[in-house]
Amino acid sequence: MTASEPLLHVRDLRVDVGDRNILKSVSLAVPAGALMVLMGANGSGKSTLGLTLAGHPRYRVVGGSARLAGQDLLALSPEARARAGLFVSFQAPPEIPGVKNNLFMRTALNAVREARGEPPLDAFDFLGDARAAAARLGLPEAMLARPVNDGFSGGERKRNELLQLALLRPRLAVLDEVDSGLDVDGVRAVVQLVQGLRAQGTAFLVVSHYQQLIEALAPDAVLRLDQGCIAETGSLALAGDIARTGFVRAAQVLEA
Amino acid sequence: MDSARADRLAARHQLHTHGWIARQAEAFRHLPPPAAAVWLGDGADDPGCEAHPLAGAGWTLHPIGHSPQGRVDARWLDAGDAEQRAELWAGLPAPGAAADAADGDAAPFAWAHRALCRQGLRLRIGGTPGAERGPTETVWLQLRHQPRSAVEAPLLVIEVLAGVHCVLVETHDRQAMACCRQPVVQNLQAHIVLGAGATLQHLRIAAPGAADCIAHHLHARLGRGARYAQALLASGSRYHLQRSVVDLQAEGAVARSAALLLAADSTLEHQVRLLHGAAQTTSAIEDLALASGSAHAVVNAHTRIAPGAAQADVRQRLVGIPTGGQPKLVLRPHLEIHHDQVQAAHGATWGALSDEALFYARQRGLDERSARSLIVQGMAGALLQRCFDDEPLLQALHTDRLLREAVARHLAPGPDAGHG
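If you read the protein sequences in the order shown, they are chains A and B.
Mapping the first sequence onto numbering that gives the first Met the number 0, position 50 (from 1) lands on 49, and the numbers just tick up by one.
Mapping the second sequence onto numbering that gives the first Met the number 0, position 173 (from 1) lands on 172, and the numbers just tick up by one.
Mixed in with the good hints there might be a few duds.
[As the list claims (entries may be wrong)] Chain A is faced by these chain B residues, among others (derived, beta-carbon under 8 Å):
id	residue
1	337
2	356
3	365
4	366
5	377
Derived from the structure by calculation, the hints contain no laboratory data.
Quick caveat, the model's predicted, so the values are computed rather than measured.
Even for Gly, the Cβ is constructed at its ideal location relative to N, Cα and C.
Generate coordinates for the entire structure from the input sequences, incorporating the hints supplied.
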């Protein structure tokens, strides 16, 4: 990555799911340490963008490019993308019955640490870090010993995503409606976590409809995705406009 | 002629008269066992084999942790000695004595066993507790078996006295033996009797060598309010049969059977037959079968609720997952219900691991093999948890490590990496 190159650089990305073309042409750039908010109506392609960047096999790239820290992201396996520093939170994180949360997270963290050239964390050290992070996020410690997302409420699943984010400390985090299902304390915890990680250099692409969260995050830019294209780029004011007028109105204003 | 020899010859005669397991025998039709001659060792002397004769220790007993002493009466008995032979088989049913047709299908194995058996072990668990120990204290035991000859028919008889709680780990691990690769034919019979209110948590590990032919037959009889939980961890071989028949003939008896079956380019069959003959009996069968390459794995689960077994509660859940190649996986859940007031549920699912869970793990940095391994370990761990419902026990038995190693062997790439 050259000094002028953004951390994430997506150019003319086109993606099919099955026989449907979802992303028609997406181009965006996220500089290192920046925070951008991605907004868009339901079905506009926000989740598709995140899962495509993560390498989900159901999302077929038919054109364009995506580079992370100068690397061709699309050429990498999902785990190689994660080890390169990409974290994508799931809207509906799946459960993994029988696999204890702390074992899952420690295995993942040590795989990422190995890729970074860092020594693995033993169970004792990991547990200390995980307990502290869980406490900050308002996740009961008992959740660490329970199977991954198994029997978790919607809010607990989201907090569990945040816990993994906090422990993995990625270079770029794509948070897909991480606020949905969270109570006010949870939303506050999101803001604190994001601010803390930004201070350490993590960049964010945040998908959200929640104006209060967006304002609290103080994004560098707000993007509006419409029918598989970035239709508008603006400041926090754009999020305010969308909150007032809605996505349909916003699109009409742009066309006029 | 001494009576021991006469008994062996009579068993051979029975086998000869009734014949070996028929091709159409329902219980064995998906994976017919090798012929009787294999189990009897007829023509087993291979002049081309230069290996030393097997001289394993047979059955050996080992304490686990701080197990209370003096509560296990163990007797190693010589089946070639008339008196000891009589003691060895005392109280055990004759082969095929049960009216149960499926039991009759397996009777030739029992006759072949009687014809060949040279040694057996009888355990009486409970005894008189020491003055400083309470009668409810758990008895912990590990029982290991190593083959004593290339073709053998070991016998194990376990009696858990009324009210006694026992944890038993039984291992048949030929993969751990670094030096011996001589194929073994093993026709094992085990009989377990639980007294009223007794409990037995039984972890069984059967990891034969790739060329071994193994048939383990376990019969358990449960007294009033007795609880038997068996968790089996088995890998495939040239032929590998694990067969359990549990008789719930007394009120309030509970039986649970769970199995993780790992077959890679090998064969493996698990037959479980639970017979509810009394009211308020409960049972559950849960199998997770993983097969890969050219493996042939079969799970036969059969629960029978006899007339009069009111309020019986039975469940069966079979899961088969192909993990690569073109394996053949057969799951057969079967309920036979002869009473109205019962609860019964059964199900079988075939399919790959959850794509979403797999992708999720990979998105967090795990490579595909590690992700698969972790997910399978989780499924297997949950299976054992449901079987024993005893987290401290699982920790004490280090089941996490056992599962991790077994699953890693199964998922390892290449023909030499694992044959389970």
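Each hint tested on the structure:
Evaluation of the residue 337 (chain B) hint against chain A yields a violated restraint, the C-beta minimum of about 34 Å exceeding 8 Å. A least Cβ separation of about 5 Å between residue 356 (chain B) and chain A falls short of the 8 Å threshold, and the interface hint therefore holds. Below 8 Å, beta-carbon pairs count as interface contacts, and residue 365 (chain B) has one with chain A at about 6 Å; its hint therefore holds. At a threshold of 8 Å, the smallest CB-CB gap from residue 366 (chain B) to chain A is about 5 Å, leaving the interface hint in force.
A least Cβ separation of about 3 Å between residue 377 (chain B) and chain A falls short of the 8 Å threshold, and the interface hint therefore holds.
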